[in-house]
Amino acid sequence: MQIYLGIDLGSTTSKAVIIDGNGDIIGRGITNTRSNYEVAAQIAQNEAEFNSRFTLLQRKLQDGTAKGDEWTEVISHLENRFHLRQFEARFHRLFEVMNENASLVEDKDLSAKMATVLDRVKAGILSGLKEKFLSGEISQTSDFFRDLFSTAYMETIANEAKDLYDQLVALYDRSITPVENEMLGLEFADLIEDAIKSLPDSEIANNASFRKYLSEVEELTLKPTDYIGTGYGRQLLPFEEKHIKSEILCHAMGAHACFPKTRTVLDIGGQDTKAIQVDRYGLVTSFQMNDRCAAGCGRYLGYIADEMSIGVGELGPLAMNATYEANICSTCTVFAGAELREYLNLGEKKENILAGLHKAIVQRAFSLLARSGGVRNEFTFTGGVARNQAVVKYVGQMVSQNYGEMTINNHSDSIFMGALGAALYSSRRKE
Amino acid sequence: MEIQKENSMIKQKHMLADQFIELSQVKESGKKVAYTFVPGNLTELIYAFDMLPVYPEINSLQSGMRQKSKEYIHEAEDMGYSEDVCSYVKCDIGMMLQGNIGPTGQQLPPPDILLLSYTGCFVFMKWFENLKQLYPNAEVAMLHIPYQEGGKIEPHAVKYIKDQLEKDVIPIFEKVSGNKLDYDKLGEKLDLSAKAEDLLIQVFDSAKNTPSPIDAYFGGVYYIGPIFTAFRGSEDCLEYYQELLKEVEYRVANKLGPITPDGYMKEEKYRLVVEGPPNWTHFRGFWKLFYEMGAVFVGSTYTRVGGVYDDDFRHSSTDPLGSMAEYCLGCYTNRNIPQRIDLIESFIKKYKANGFLVNSIKSCNSFSAGQLVMMRDLEERLEIPVGFIETDLVDPRYYSYSNIKNRLDSFFQMLEQRKSFIVDDDMLPDDVLT
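Chains A and B, in that order, are what the protein sequence lines are. The first sequence begins at 1 in the numbering used here and counts up by one. The second sequence begins at 1 in the numbering used here and counts up by one.
Among these hints, one or two may not hold up.
Said to hold, decoys possible - No farther apart than 30 Å at their CA atoms in a straight line, the calculated lysine-lysine pairs in the DSSO-like style are these:
1) Lys255(B) - Lys349(B)
2) Lys108(A) - Lys162(A)
3) Lys242(A) - Lys67(A)
4) Lys11(B) - Lys208(B)
5) Lys13(B) - Lys266(B)
6) Lys242(A) - Lys352(B)
7) Lys266(B) - Lys242(A)
8) Lys162(B) - Lys288(B)
9) Lys242(A) - Lys13(B)
10) Lys261(A) - Lys419(B)
11) Lys242(A) - Lys162(B)
12) Lys11(B) - Lys242(A)
13) Lys405(B) - Lys242(A)
14) Lys223(A) - Lys11(B)
15) Lys288(B) - Lys185(B)
16) Lys180(B) - Lys242(A)
To be verified - Beyond 12 Å from chain A on every Cβ pair, some chain B residues (computed):
17) His14
18) Glu129
19) Glu139
20) Lys167
21) Lys180
22) Gln371
23) Pro385
Claimed, not checked - Just the calculated beta-carbon pair ranges, DEER-fashion:
24) Met125(B) - Glu38(A): 26 to 36 Å
25) Asp78(B) - Arg341(A): 28 to 38 Å
26) Ser367(A) - Tyr147(B): 49 to 59 Å
Source of the hints: derived by calculation from the structure; they are not laboratory data. For glycine and all other residues, C-beta sits at the position ideal for the given N, C-alpha and C.
For reference, chain B alone in the conformation it holds in the complex (with noise of 0.2 Å):
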């Protein structure tokens, strides 16, 4: 039997391809330019307007992935920027700065809006500042997001957020698009999405299985590619997610591990949760250094950072406003602290996990504040070991390898001593065991 592992990625692949030549086409298609970022995206209305969506952070990354990223920070730490701003920030600033030339080496276009939709994360309000700087004829649409700070989604919060969308954002976009916003249209898309966002669940919860099928943190990187981007709400996204359920129930049906650099994953030793994004300078070595040790990733948060599904929440028709109000709400970054550990203790009972790793961005401190405390508490709920590393999203100077090599071991010890080491109450004094 044909293994169908790479249709996916390929489809993906070229879902991209065409995306960025679409966007290096603007000019003569006339199409508008909103740049936006991935927690709290409003791609659906994007679309709804016939606009083209560009995600500065996922550009950032992929500068990363690409050993652009190094350069890029230089330029922006010249222009003046700390050592300490978020190396998103300054790896998008420097990409601008030396051309705007984007992951396919076609130039991007500048944006007709920018479209600050942020859901926890405060430097993005900076950063878009910044941009505003540099493109001084773009719009500027702000959605204030508030964060969860009582752990619910308050229908107060849903109706200042509807307010706003209709008073300021959409106005703003029927300006520069010169369109009338089409609730129809934005209906469709928003009910093509939650299609999507089923299967997206179905993959993820392809990891209560022994092996996992999946690895929920590099390989979940690919998989919430089209859904926390471009393409949520298209057919595209829709088929994508198909495709990859079907390989996904390919390797279930055949107890295989899910697919590394290196082929698929040989052996499954140990099943781990991991908080925070992965680094992306390093991100096939940071890989090696857990499939290797056949270590795999059954959940992350990061995967949840465009939007958490694992609840009921479907973006919906029905009252499309509210159903962005209440997506954009439920972003992990979004949540409080509590939830996410909630959250992260239901992915450690729900996919079987044996450890909880923390991957701390240096240049992080939205993402990074809280880490401690999850850990502290997870260790005490679940009796479960705990490990931290730090690396950094795209500034390389952060990664240390043998750094991160060094506690890794240890971490991998810890839990293979949970497996070998023969644990004996007798062999215990009796006041040790009070």
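Okay, chain A solo, but in the shape it has when bound (with noise of 0.2 Å):
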């Protein structure tokens, strides 16, 4: 079959989106950037291409079998166990490598007692995830093994080996990134046989439909007709220079595919800011990038999340719960933090300063958008940062207080908005 895949290599996620013939998505695949970007372009390649296999599958039982409806669920449960596989493999290598380097510990002593803690904590650590994971509560858009491994074993150590903790944490630091940095080499295949098998009761396992069409899916070549990759990380990627593109072109081409009436767009990633305009055409007229300074970005709520010591996820819901915005004069995302411990110190509510920041950002952003000729009607929103609940808030505040009532697009695939615009360039080209 024909698929089209886009790679989009942000500063903070890679993204990858496979679409078909029809330009419809089939796979969608994220993982955090690493220094590797070949590597991590490579995981969302994988992923998207696994997620493809699903949709596929899914498709297949809704049109070939009696009450297709009914195989959505347990698809989904399904892909919860395949995640859960993958995440199982890279754990026990990062545990491989956590114990081949603390057995090259100088100290004898305190090589021993890392072994040790290492061999006492693993179980606990991964029983924990299994569960989050069976229970559909790990987002795949955000909780990346990174995140997942380093806060479990974090509280971990922190609780059951104190005097460790300093060491343990040099250890994870030493090994993560080569872990990260490896490909595993897992098959489609193995992984949803592995995760069949887990499944509490073998109704599915020997279902025939579900066979026959499982055998098809896994049988199916997923190589890209074409692909190209965009992003800030673009020119990294191993890719001939026909096979990159801009992600200014491609966040509006994304943008307009889902929304064609859409003329400006604001695009929010790790440390870009991108105000679009568009024509009816999806063809960008012009833009503005911020310069300099990266304050109005996701990593300004990243910076942010680690001074609160809470998970960049938390940052929107806490703000929504805000009486008001505290006042954040800063531009600058260091000062910002000193602007922070400030107000935390006066005693104010972390939600009301963490509202106040999330204005401070949307401000930062719309400065930008001012800049690049306004908001024309329809606006569409994109990136990592608008899936955060109170950025989407004072955007569309400031929309209608700037520009007046007028249609403001979100959607669900906002983060995968370079990646779709990438792979349906890829999927429109002349030649």
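Need the complex rebuilt from these two chains, each delivered in its own frame; the hints are there to steer you.
Here it is in structure tokens:
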């Protein structure tokens, strides 16, 4: 079958989207961007391929079985278990490397103690995370291996090995990068078999239609007919020049594909904010990007989350509980951190401070929007930050305050817009 | 057939070398020196008094191209000039503090007159205020040029400038030079200027050809060299443009593109019009970002900063002071924003450009003001892709290669997508077409 691949190598996350010949998304893959960009892109692509097989399996079951709809939940459970298998493989590999590195510690006594702790905590950490996977609590778009593992590991060693805490953190720091940059060579067929086996009952495993369609999907060659890479790290992708495209154009194309009446696109990513004006064909007519300072971007939120020792995903919901927005004057991420601490010292509620910080980001993005020519109807908000509900709230407020009432689009795939645009460009090439 | 590509450049080089030799020998020759600015320069008047002009802006840009500006800017910042002050000013002040050694390695003479005729840039006034402190013996002749707020040259503005010339500027020159103004000599120079101006416009208008035989921005800064600085009104200047035009005509006849540092431009893929001065500290690298992509500049506003000759204006001996007044009033940065937009629109149409780019200058508030309005207006009027990058004149700290490259990549792809993408109204839902 004809499929097209778009890869968006962002500063924080790497995304891949696979579309079919109709331009519909069949697979999405995302991972955290890491020091080895090629691996990040490859992992995102593999994830998108795996996800495509699930989508195609679902389509076949939907069309080919009597109660097609009932398969949706089954596939979702199966996909959770599939992801758990992937997680476990890297989890075991990380422990291997940590054990190797622990054995290299010159102080043999310390080395042995570290190995003992690792043995002791391993099962506990894994079982805690297993539960989260099986209950569907893990978000495939934001909970990456590094984040999941480090949070659980740090908590466990803080409780169970206080005296070795610093050494064990250092051990993790030394081991995670090489493990993250390793391709584990996991195959869809093996992972899915493991996932099926782990299901509580054998009904699905023995269902003839399921088996038939699964085997068809397993045998499909998902080699992209064409592909395009985009994003902040696009030049580092091992692609020829003709397979590289500016993220400005790709975001605009993705947004336009989802919302054809889009005229203005605001994309807030990890360290870039882009205000893009497009014509009715989705072709860019002008754009502005932040220069020299990344205060209005996702990294700002990441920094604030670190300062408050909470997850990035918790920031938006907390800010939504604010009674008012504390006034954050600073347009600089580092100084905003200082303002945050000052407010905390004064006893201000963190919800109100966070609301102020979110508003500050949006104000900065809107100054960029104004530079690019303002907001034209319709307005589409894309990028990883478009999933933060507090940012979305202030974007809505500022659009209506500054430009009047107009349609504001925010797609559930907002983080994949660049990759989608790239895939669409590759599918619509002339040659 | 021998390619005459280098004759004009060689000639310009000799002209400049001779000029700096002459400047270095004023002690012996007894010639007086006037420091002045490029936009609104009164070079013919200076030469009519047999004085020599020095252009601090040109010295700054030369320092930038010779990688000296960083050091000069630091010198000025050590003296207390803030990071936000115009980098031309700081570079110039720093150069003077370090002995006023010019681009040829020879020391420049101190000014006898600071001729402050300025168009559109109010920093010039503070610049010469500071030079007056460095050179307390210099006379200051100030010529105030009213901004073209109403979008046209008003007779009262011309009269206002002529009065200043007659009552203030010329008497100071007469005092310093010890000579009365010879109006015949001035008139001859103004008529020679007009002839060179005709040729300059022919050079600019050669960009109507495809491929364009000139690069009106990076190449353009060489083409404007003589006429914007010490040579307007001279025979040498006229000869330079005769030579340049021959070279351009040769390229037109042979369907050749402009000459870049890597030889003739190979393929013309994009034709651009640009607003704003170039960056001088990374001049070649900056140029390369464009010619490597097959982008040629067919029009630029920077090449109008020292005089706009695209309409009917020419210097003239008929009313010498009136013609100098009109010249000053008409300079690019002295025009209001709607006039500038109209001028750019005319370039885009006349030279068949398919993109408009702004190179905004971090430390130049006068030039940068209004650029976003220009972009928006042109985008709406002409449905042309517009791009925006930021650099600086001579402060190398503000030249970020990766930022510029990233934006230009997107900009070129915006231009390319219009060629390669299948635009088909049938693909769009009906409501999108409304």
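Status of the hints after comparison with the structure:
1. A C-alpha spacing of about 21 Å is found between Lys255(B) and Lys349(B), which places the hinted pair at or below 30 Å, so the restraint holds.
2. With a C-alpha separation of about 19 Å, the suggested pair Lys108(A) and Lys162(A) falls inside the 30 Å cut-off, and the hint holds.
3. Between the alpha carbons of Lys242(A) and Lys67(A) the distance comes to roughly 45 Å, so the proposed pair goes past 30 Å and is violated.
4. Restraint check: the Cα-Cα separation between Lys11(B) and Lys208(B) comes to about 26 Å, which is no more than 30 Å; the hinted pair holds.
5. Among the hinted pairs, Lys13(B) with Lys266(B) is consistent with the structure: their alpha-carbon atoms are about 26 Å apart, no more than 30 Å.
6. Restraint check for Lys242(A) and Lys352(B): satisfied, since their Cα atoms lie roughly 27 Å apart, inside the 30 Å limit.
7. As the CA atoms of Lys266(B) and Lys242(A) are separated by approximately 20 Å, the hinted pair is consistent with the 30 Å bound.
8. Distance restraint check for Lys162(B) and Lys288(B): the Cα-Cα separation of roughly 44 Å exceeds the 30 Å cut-off, and the hinted pair is therefore not satisfied.
9. About 42 Å separates the Cα atoms of Lys242(A) and Lys13(B), which puts this hinted pair outside 30 Å; it is violated.
10. The suggested pairing of Lys261(A) with Lys419(B) holds, with an alpha-carbon distance near 22 Å, which does not exceed 30 Å.
11. At roughly 60 Å between alpha-carbon atoms, Lys242(A) and Lys162(B) are farther apart than 30 Å, so this suggested pair is violated.
12. Between Lys11(B) and Lys242(A) the CA atoms are separated by roughly 43 Å; this puts the pair beyond 30 Å, and the hint is violated.
13. Between Lys405(B) and Lys242(A) the CA atoms are separated by roughly 17 Å; this keeps the pair inside 30 Å, and the hint holds.
14. Annotation: proposed proximity of Lys223(A) to Lys11(B) is violated, straight-line Cα distance about 61 Å (limit 30 Å).
15. Straight-line distance between C-alpha atoms of Lys288(B) and Lys185(B) comes to about 44 Å, which puts the hinted pair past the 30 Å bound.
16. For the given pair, Lys180(B) sits about 68 Å from Lys242(A) by alpha-carbon distance, which is inconsistent with the 30 Å threshold.
17. The non-interface label for His14(B) is consistent with chain A: the shortest C-beta to C-beta separation is roughly 41 Å, beyond 12 Å.
18. Every beta carbon of chain A lies more than 12 Å from that of Glu129(B), the smallest distance being close to 31 Å; the non-interface claim holds.
19. Every Cβ of chain A is farther than 12 Å from the Cβ of Glu139(B); the closest lies at roughly 42 Å, confirming the non-interface assignment.
20. For Lys167(B), the shortest C-beta to C-beta distance to chain A comes to about 45 Å, beyond the 12 Å cut-off, and the non-interface label holds.
21. Taking the minimum C-beta to C-beta distance to chain A, about 54 Å, the non-interface status of Lys180(B) holds against the 12 Å cut.
22. A Cβ of chain A approaches the Cβ of Gln371(B) within 12 Å, the least distance being about 10 Å, so the stated non-interface status is violated.
23. Distance to chain A contradicts Pro385(B) as a non-interface residue, since its nearest Cβ pair spans about 6 Å, not more than 12 Å.
24. For the pair Met125(B) and Glu38(A), the supplied restraint of 26 to 36 Å is violated, since their beta-carbon distance comes to about 56 Å.
25. The hinted window of 28 to 38 Å between Asp78(B) and Arg341(A) holds, with their beta carbons roughly 35 Å apart.
26. One distance hint, 49 to 59 Å for the beta-carbon pair Ser367(A) and Tyr147(B), is violated here, with the actual separation near 27 Å.
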